[in-house]
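A.B. asks: Letter by letter, the chains look like this.
Number of protein chains: 2
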Amino acid sequence: MELWFTERHSPASGITLRCKRTIYSGRSDIQRIDVIETEEFGRMLLLDGLVMATERDEFVYHEMMVHPAMNLTPASRKRILVVGGGDGGTVRELVKYPCLDNVVLCEIDPLVVEISRRYLPQLSSALADNDRVEIVFRDGQAYVRERKGEFDRIFIDSSDPIGAAEVLFSPGFYKDCYFALNNEGVLVVQSESPIYHLHIMKQVKEGLSRAGFTNIRFYTAPVPTYPGGYWSWAMGFKGIYERPSPDIVLPLEEMEKLGFFTPEVLMSSFVLPAFVKRALG
Amino acid sequence: MELWFTERHSPASGITLRCKRTIYSGRSDIQRIDVIETEEFGRMLLLDGLVMATERDEFVYHEMMVHPAMNLTPASRKRILVVGGGDGGTVRELVKYPCLDNVVLCEIDPLVVEISRRYLPQLSSALADNDRVEIVFRDGQAYVRERKGEFDRIFIDSSDPIGAAEVLFSPGFYKDCYFALNNEGVLVVQSESPIYHLHIMKQVKEGLSRAGFTNIRFYTAPVPTYPGGYWSWAMGFKGIYERPSPDIVLPLEEMEKLGFFTPEVLMSSFVLPAFVKRALG
Chain V
1 MELWFTERHS PASGITLRCK RTIYSGRSDI QRIDVIETEE FGRMLLLDGL
51 VMATERDEFV YHEMMVHPAM NLTPASRKRI LVVGGGDGGT VRELVKYPCL
101 DNVVLCEIDP LVVEISRRYL PQLSSALADN DRVEIVFRDG QAYVRERKGE
151 FDRIFIDSSD PIGAAEVLFS PGFYKDCYFA LNNEGVLVVQ SESPIYHLHI
201 MKQVKEGLSR AGFTNIRFYT APVPTYPGGY WSWAMGFKGI YERPSPDIVL
251 PLEEMEKLGF FTPEVLMSSF VLPAFVKRAL G
Chain Y
1 MELWFTERHS PASGITLRCK RTIYSGRSDI QRIDVIETEE FGRMLLLDGL
51 VMATERDEFV YHEMMVHPAM NLTPASRKRI LVVGGGDGGT VRELVKYPCL
101 DNVVLCEIDP LVVEISRRYL PQLSSALADN DRVEIVFRDG QAYVRERKGE
151 FDRIFIDSSD PIGAAEVLFS PGFYKDCYFA LNNEGVLVVQ SESPIYHLHI
201 MKQVKEGLSR AGFTNIRFYT APVPTYPGGY WSWAMGFKGI YERPSPDIVL
251 PLEEMEKLGF FTPEVLMSSF VLPAFVKRAL G
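Chain order of the listed sequences is V and Y. Residue numbers for the first sequence follow the numbering used here, so the first one is 1 and each next one is one higher. Residue numbers for the second sequence follow the numbering used here, so the first one is 1 and each next one is one higher.
It should be emphasised that the hints constitute simulated quantities derived from the structure, not laboratory data. All the given hints hold, so there is nothing to weed out.
In silico DSSO-like links for lysine-lysine, alpha-carbon gap of 27 Å or less:
1. Y:K78 with Y:K175
2. Y:K202 with Y:K277
3. Y:K148 with Y:K96
4. V:K175 with V:K148
5. V:K257 with Y:K277
6. V:K202 with V:K277
7. V:K202 with V:K175
8. Y:K96 with V:K277
9. Y:K202 with V:K257
10. Y:K277 with Y:K175
11. Y:K96 with Y:K257
12. V:K175 with V:K78
13. Y:K148 with Y:K78
14. Y:K78 with Y:K257
15. Y:K277 with V:K96
16. Y:K257 with V:K277
17. Y:K257 with V:K202
Since the model is a prediction, treat every value here as computed from it, not as a measurement.
Construct all of the structure, not just a fragment, from the sequences and the given hints.
C.D. replies: Have a look at this one:
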């Protein structure tokens, strides 16, 4: 028997992966959760049937979520908030920074963390026994609304803007993030695929702008198992920066172990293709 | 009835596209040729069942094949050779240069040109009635071997290194290209996917080096319908350049109509992710 998993990236296109077996299938109050063993990309986490991460290419997504904002601008990077990201990949990258005092992971669904801890150790390694990591199981918006000027960086590591994560793409939530950041804070938002979701990138830009972020920049990287194989992130700066400048604080021994990010990638990833630049105005 | 086309990028992974209809299916002496109408990516050209180009994303591949090498280093860019590329996309980008005197398209399979002219006008527009374009239906290696110091730029716009195109990835062919270029010439080779074909990129580097190119640089761009959604090209410089510098000669009115390439993309595309950099030494 051959078992193929197919995710449609639009009604008429998708990716298809041959699978060895289903490792876990279950349902929380929030969503359906599956872990599947694929032949080509290793273990794969699915939320409501959509690919969140595969062992083989998650390094691109998680490195590019974290390291650009952590190595920019000479402000403090001690207190960090991650909203979503219950698989642990983003936190795993963050704990590589000695300058970090504390990271709060605010994940709405405890089962995602539990399943990742049990079946995806490559992703969740930093979620257990790390006294700099605090896990809060709450609705991200409610949590962020209570915090004022507390964080140096906030990372929105959400799933797609349908269902549970929709609120994490709203201007109101971005405004709450704005106030939860200190005056030199930076917000990073995963902002979907430039191939399939340019309209979402535009909404993110508009939303960040309405929330008060004066300087908004997008960057991109190739993530093979995501729609279009090409992903984007938005960065909103609360401080006034004419042009974000590198301030590399990741220790060299950690930098040398990364799969995607380099100091050169940091700046080149902000260079957008003509069609993206044009669409974002 | 739903008709889905699936291309396997490895035995256990692939892309799948819903199709409206088959526009053409035929066979030349060289290969099987199909043109399919997909819903998401428009018309699609297949050679021996593999995706060569789709109307929706071919701009990335063809712009990134041509414009980086045409806007680098202050040497002449008058006489150009394209090997392969019978669909016409590469030539279409080249004729945007007023500085170009003549481009020779050397394609082994006349049927590819015929089918592209008939069914893919978006790609083949420059193949008809252009007195700067000369089409030669010959084996690329045999043609290149006869030329000495004639070309300012050579573009190897081949299919994958199996079957007819295998020879176009051989060190012997790269050596022939070396001698067919003038002393300041540049060779551009499509060098497959960093996700699935790192070993081919290594072979290309090794082959170009053995052929005599002293400075070899790779660059990348996202091409959604190609394996891994992420593609690479190698550039071999015959002249001595410490570091290739931009020399933008594409007229501004043409630049403004491009979908992917910009002067900033030119330099950022040479910045390679850590895993690619490491693999290529």
